[in-house]
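Asks: Go by the hints and put chain R onto chain H.
Protein sequence lines correspond, in order, to chains H and R. The numbers in the numbering used here rise by one with no breaks, and the one at position 26 of the first sequence is 26. The numbers in the numbering used here rise by one with no breaks, and the one at position 95 of the second sequence is 95.
None of these hints come from the bench; they were simulated from the model. Because the structure is a prediction, the values reported are computed rather than measured. Just to be clear, a hint being listed does not mean it is correct.
[Claimed, not checked] Lysine to aspartate or glutamate pairs mimicking EDC-like chemistry, simulated, CA-CA at most 20 Å apart:
no., chain 1, residue 1, chain 2, residue 2
1, R, Lys-118, H, Asp-184
2, R, Lys-181, H, Asp-147
3, H, Lys-181, R, Asp-114
4, H, Lys-95, R, Asp-184
5, H, Lys-118, R, Asp-168
6, H, Lys-65, H, Glu-36
7, R, Lys-118, H, Asp-114
8, H, Lys-181, R, Asp-168
9, R, Lys-47, R, Asp-76
10, R, Lys-181, H, Asp-184
11, R, Lys-95, H, Asp-114
Protein chains: 2
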Amino acid sequence: MKADETRRKIVIAADHLFYEQGFENASFADIAQAVEISRGNFYYHFKTKDAVLAAVIEYRLDERKTMLRLWELEEDNPANRIKNFINILIANQTKIMAFGCPVGTLCSELAKLDHALKPEASGLFTLFAEWLEQQFAELGCGDQASDLAMHLLMRSQGVASLANTFQDAEFVRREVEAMYKWLDQQCPPKRPM
Amino acid sequence: MKADETRRKIVIAADHLFYEQGFENASFADIAQAVEISRGNFYYHFKTKDAVLAAVIEYRLDERKTMLRLWELEEDNPANRIKNFINILIANQTKIMAFGCPVGTLCSELAKLDHALKPEASGLFTLFAEWLEQQFAELGCGDQASDLAMHLLMRSQGVASLANTFQDAEFVRREVEAMYKWLDQQCPPKRPM
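Just chain H, same shape as in the assembly (with noise of 0.2 Å):
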């Protein structure tokens, strides 16, 4: 493997650890051992645990990005988009019952911890909130717009929280309708003058 492409397997590996297991939980081995690669080719990239987080969040960053990037470009409508997002709740259902949300689990983690990277890991909330704020202010919200959006990133990080400790599917498609519902409410129809 070149340089570069060990570099990348080694973030992608500790991605999933980190979210499956916890940041504190997965140790420098389980992460050489899932890339299987010595322990002298890891450290040749990150010296510590905590440069290897900074790295995942900066890759979950670029990931997140270019996924809000792609829904802007397939999906005209900001209230489709704004679906698309609520539907990560369908989409990821299985790994979000199992690990929760992964940005949620993340933050909520490092303050428990006082870790430095904090900042850095409420940034993959940032991203979502004005993205959201940026697509209820074209729905027409005006200066609701802010507020909306982090009222749904506030229900769908609820959700995810609920479906991981009671694993009810039933649930989580309930709520997904309801917010469907909701956002209907937020942009009534336009009619002719």
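Replies: This is chain R only, laid out in the frame that chain H set:
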């Protein structure tokens, strides 16, 4: 200190440490240090950190059950009892901003650790879900009571999660107001026949 008093102090110290630093991150030594007892005395009460966790979950259940019972005694109106639940977000706002929801963050961490006590920790959520369902049933919400209980629990979790990330007191206040308004819509005032 008598033995049962020491045990209780260990559990309360562990409760705080697991909440503020995370279960995985808080060590036996941290707990012993917080209670200011020897390791020998600690081991007399608890042989493993999992045994401490089981005792902490039991303690939290007792403590929450007592709180809910008190709300029932103090308040006849089930809508006002539900408002007490919503108000946890205000009453405990400082701690929630710093460390998230004690129940949600513990369940999330134990899920990632694939911990044997995850079902016991989920019991804390079940306690609140069933209690809220009972209040909605008393409000006359009939077969909607269970879904409404889960919806409110979901919103409470979502607000706690984003409060922890964004440290935004105005967001918490706004969402608590929205929950009040939502609650009023679930229990329209009874009209004379």
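Asks: Checked against the structure, which of the hints given earlier come out wrong?
Replies: 1, 3, 4, 6, 7, 8 and 9
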